[in-house]
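In the order they appear, the protein sequences are chains A and B.
Residue 83 in numbering that gives the first Met the number 0 sits at position 84 of the first sequence, and the numbers go up by one each step.
Residue 368 in numbering that gives the first Met the number 0 sits at position 369 of the second sequence, and the numbers go up by one each step.
Be a bit skeptical, because a hint or two may be false.
Here are the computed lysine to any residue pairs in the SDA-like style, where the Cα-Cα straight-line distance is at most 20 Å [said to hold, decoys possible]: (1) B:Lys-1 x A:Arg-125; (2) B:Lys-481 x B:Leu-586; (3) B:Lys-294 x B:Thr-360; (4) B:Lys-272 x B:Ala-457; (5) B:Lys-1 x A:Pro-101; (6) A:Lys-80 x B:Leu-537; (7) A:Lys-80 x B:Gly-530.
Hints in this document: simulated from the structure, not taken from any laboratory.
The chain contents come next:
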Amino acid sequence: MTSSPLLELDHVGRRFPLPSGGELEVLRDAGLRLMTGETVAVIGPSGSGKSTLLNLAGALDLPTSGEIRFAGEPLAGRSEKELARFRNHEVGFIFQLHHLLPQCTALENVLVPTLVPGSSDSGSARQRAIDLLQRVGLGERLDAFPAVLSGGERQRVAVVRALINRPRLLLADEPTGALDATAAAALGDLLLELNRELGTALLVVTHSRELAARMRRSLTLRDGELRPTDRR
Amino acid sequence: MKRSLLIRRSLRHYRRSHLAVLLATAVAGTVLTGALLVGGSVRRSLDQLVFLRLGQTRSALVATDLLPRADLATRLHHRLGAPAAAVLAMPGVLTVPGSDRRAGQVQVCGVDGDFPALSPFGQAPQPAQGTAILATALAHHLAAKVGDEIVLRLERQSGMPKDTPLAQVKNAIVSLRLTVTALADDREWSRFGLQSNHTAPMNAFVNREELATALGIPERANLILMGSELRDVAHELSSLLNAADASLDLRELPGGGWEARSPRVFLASGLGKELSRRPRQPTGILTYLANRIEKGDHSTPYSFVTGTDAAWLPRDLGDDGIVINQWLADDLKASVGDPIRLHYYVLGAQRSLQEAEADFTVRQIVPLTGPYADSSLMPDFPGIAGAADCTDWDAGVDLDFGLVRPKDEAYWDTYHGTPKAFISLARAQQLWGNRFGDLTAVRFRERDRAQVEEALAAAVNPFSLGCTVLPVWEDGLTASRKSVDFGGLFLSLSFFLIAAALLLIALLYSLGLDQRREQLVTLRAVGWTVGQVRRLLLREAFWVALPGALLGTLGGLAYNALVIRALTTVWSGSVGRAPLAAHVSWLPVLIGILSSLVVALLSLYVPLRRATRNAPREALGLAAKRGHSRTRLLLGALLVGCGLALVLLTPAGRGKDAAATFFGAGSLLLVGGLIVDAARRRNPAAKALTAATLAQRGASRSPARSLAVEAILAAAVFLTVAVGANRHGSQFQAEARNSGTGGFAFYGETAVPVFEDLNQAEVRARWGLDDPELARVRFVPFSLLPGDEASCLNLNQPQRPRLLGVDPTTLDSRHAFRFAKLMPGVDPEHPWLALDQELPDHCIPAIADDTVMTWALHRGIGERFTVLAEDGHPLRLRFVASLANSVLQGSLVIGRRDFQTAYPSVSGSRVLLVDNPTSDQQAVGDRLRAVFRNQGLELTPCAERLAQFAMVENTYLAIFLALGGLALLLGGVGLGLVLVRNLLDRRAEFALFRAVGFQSSAIVRMLFVEHAWLFLRGLMIGTLAGLAAVMPALATPGSDPALGQLVAVLVAVVANGLLWIWVASRRVLRTPLVPALRDE
Ligand SMILES: Nc1ncnc2c1ncn2[C@@H]1O[C@H](COP(=O)(O)OP(=O)(O)O)[C@@H](O)[C@H]1O
Ligand SMILES: [Mg+2]
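Chain A on its own, in the form it takes in the complex:
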């Protein structure tokens, strides 16, 4: 089921201006090629730029050098509107902290991506949301607010939210970082099952060796570059 590259990063660099006047080079020459339906883990020390990399991949941020292509099409040069549409349709984000809206129920949180002005909201999205929530074992908790959900449940809602628009790419930034071991393992299972069932490519930033090991490939971010992880 793989063959064509879904996400390509070529010599990507990202620098941030420092208040002192200089610049902080977080990414220098990061290269990555992610095939359709492929699963990749990115590991690296804290502060090495993993989140930055993920933000770039999801078009939340733009690189200062290099090129990012999605399904062969470069992201550079697209308008904010096109980028937003890209995020809406092609990628799903999962953060370390669930980032659910506390004011909305589980179901409503899942539907937030369909609220984007201009997106064709249909009853089907709602049904799909319910199906997906049932699929992740939250069928009973559709109307629960995040405050009453456990950490693992919240993160599962976040996963469903990421999947609601059938993205081809799922970006997860330390998704298990705030979970205990059992919940973390369950979430890992879920992500891989979904990958298998839906064919969604997975780019996971993680500290967890276990989770990284379950991905097809693992890369390490160091000194602003991505290298295959030494599996020792």
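For chain A, the structure is supplied; the task is to place chain B with the ligands on it using the hints.
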């Protein structure tokens, strides 16, 4: 799911922080809507007052010299169909016999049965003979009630201006003893009056005919009120006025033809001009008294001389030709060709007569027969015309009867006042013409009386009578429309309060957003654009701001009611005790809602924008944004520099400049100071880490928050300081000539004018001013043209301000008063003398108080202001100088000569400035009041009068202070919220401090230092900016800031603030810290 659901969910979930924003919006809305409503209320109240004052009256004919017959009103009514009423209104003195109750400035209104037709509500006083109806304001002042006997004293009106040469002023006061039969209130037209003042006039209504008869002018009125607009009456009036209205008597001449003459001796000058334009031009006559006619050593006393162009005189008399009769030729032993000299009186200032002379050459000697023996050429000089004997003359001037010889008596017995000499009319008018006229009679050749009457009626119009017709209704409305704009005033007074409220909105909203930063990233991550997120948040905020604005409207209504109540009670000083009522209209409410909605959304958009900036990390607030603090520092410094420059460039004063500087420089300094401070805070730099610098770094953690709190506090303190510094102290040097009192002890105003020069020895003796107690008291008299009060005590914009005429040398020699500004070319050593200068464009030089010019008349130095002369012609004044805060506030001052030319019928002086070199103010004041009892002298110590004016300003400042207090309250709320939020946000930090061994007290101290620091910096910036901004006003000579009070207030504010910060900081100890550590 819909977006609206998301918005509803958010509104519900974040209701607490939204409620805070809503309340802050309501505060802004209250202040905004309230200010607009207050403005509307004041204006509506003033409009209402115009109605209460004028009723159905639209225009009015005002006569000051020749009074039309009262039945002119009936004629007008018949012609126009609209109501008209004749009124005889005069200032008078009212006393209650057997008590010492008296009112000196009473407006006595003689009214008749036509009066109610023009009243506001169809009801008006209609006093019967022997009775009076008092306005409640007057009755209250006098503690008079129905059934009381009262005595009214008024100036006698002989129909002759009191300053007419050769006229007498004896018996100048008339008293009327009347019974009060009723009191009139607002509904019964008690506020009747033509002047645009909002104070209730002290009206006493009496029977018009009774008053007119008592004053010696039966059937005359000086006001004709009309229910028609000016444009409708102007033409009709001219055709309705006739010879009787002009007080012209027609008598048939023995040789055929008719003669018109006036009981006031001189025919109004306008009438003469009008008549000379008639096709069959009548013959003008001017006959005058020569004290002596001399040829060499020969002299004839007290003879009349006639100037005329009649056909029986040689055509070519020219300027120096004179025709004398045989009797005079014999007496002087003169023959044709001889030089002859005439001595005669001309009128100087204050009724002082000066002798002048003119030389002639005898052209012809005529017999005492035919036209040359016409004794009717002599006008009816009162006291002379009917005298049986020369020595019985009672001309009100000094005549030396010792000079009268038996042959003179014989001439009088035989020929009466038959003139002994004749000159050309032109020369006579040049010598004896005066401001009352330059003809004593006009002769018509027509034999038919009707023809003559027609010719006269055609010549009589309001102009030639010296009357003015005024659009009083329009004037009244203009005055109230252009009145002090309380809406604008309160808006500008609330400027910094509104700014504080908006900052609070921004602060509260950003505190709320802080809790939601991650959401914003999420929304973007799932495909929302930044713009879409912002719009979503704005829509949500709209539903917070809208109820806030609506609530603000309710607040505004309450504010309106409250402020109007305050303006009629505790703050009534600022509105001159105007009767105001709260009015509500839709427009200001609508504007208030919309504008508070818009400003609220705008101010919360600032943090909203910040929070949704591009990079997700920044949006999450994780990377403290490090702006270019150097540029910011520069920008702030630049603003401060501009502010200071503005302060330094503004000339000292309290005019518009100073006000503009206050707001302009104030804002610049505040904003600049805050930016500099914020920039410095962003750079806590590489200072060594101590407990104190740790605190500073704490404050720099969320710079926007700290900045907002600091700004609110600074704005509030700015207000307080500015007010305190501007406030007038109570003590000033009243004795100094260059103070606002001019060094005068008293300011006095009389109801009945004083005609004589009170500084002259014989006059003083006559008045009883020569006893030791009063011997050193001196007077500076002013002629007064009543008009709209122009001081800050009148809310209306004066349309026809009061005018004072003064002999400038009297003030110049005293170096009285301090001048604020002078027109270029005015001698700074003798500014008063500028009143006597001829201006190149024939404008009349005028001087007024600086505040009156700036705020009431909207004029600057050198600018023109037009008033109406007595004859209705425009009189252009030019302001040559302005006074700094003087007791003359309320009037415009012009030179006496110009005054008399423009207002010939205004005689005597009604305003007196009194010099009292003795120390006993009280006793001298009482004595003077007694001396001028019949004139109704109202005497106010100058210091007291100044204090009344200062009270207005101080009341404004009190209002300002109250608003500043509110702003401080908002600042306090802001600081409190930030403090609490900081505590919550940083519980973990504090827990950590304790975990690593800090004592609790050290943490409290650190917190205290951090917030006290913020508080003090806000105060400091506000104080410095406030002091700098009021510099120009402070530098005004004579200002006396209440600095002690100011320092006291500041100390109280600081102590209070620090106390609460300390209390709040201590509370942190009570919150359990361990859970906080675990949370994170
Ligand atoms: N918007 C930003 N501005 C300045 N510095 C940033 C910004 N975003 C990230 N950084 C810096 O880039 C580095 C990498 O951050 P991040 O990608 O979050 O690391 P990781 O996720 O690997 O822990 C950090 O040092 C961080 O301070
Ligand atoms: Mg990270």
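Consistency of the hints with the structure:
| no. | hint | in the structure |
| --- | --- | --- |
| 1 | B:Lys-1 x A:Arg-125 | holds, 11 Å |
| 2 | B:Lys-481 x B:Leu-586 | holds, 19 Å |
| 3 | B:Lys-294 x B:Thr-360 | holds, 10 Å |
| 4 | B:Lys-272 x B:Ala-457 | holds, 12 Å |
| 5 | B:Lys-1 x A:Pro-101 | holds, 17 Å |
| 6 | A:Lys-80 x B:Leu-537 | holds, 19 Å |
| 7 | A:Lys-80 x B:Gly-530 | holds, 9 Å |
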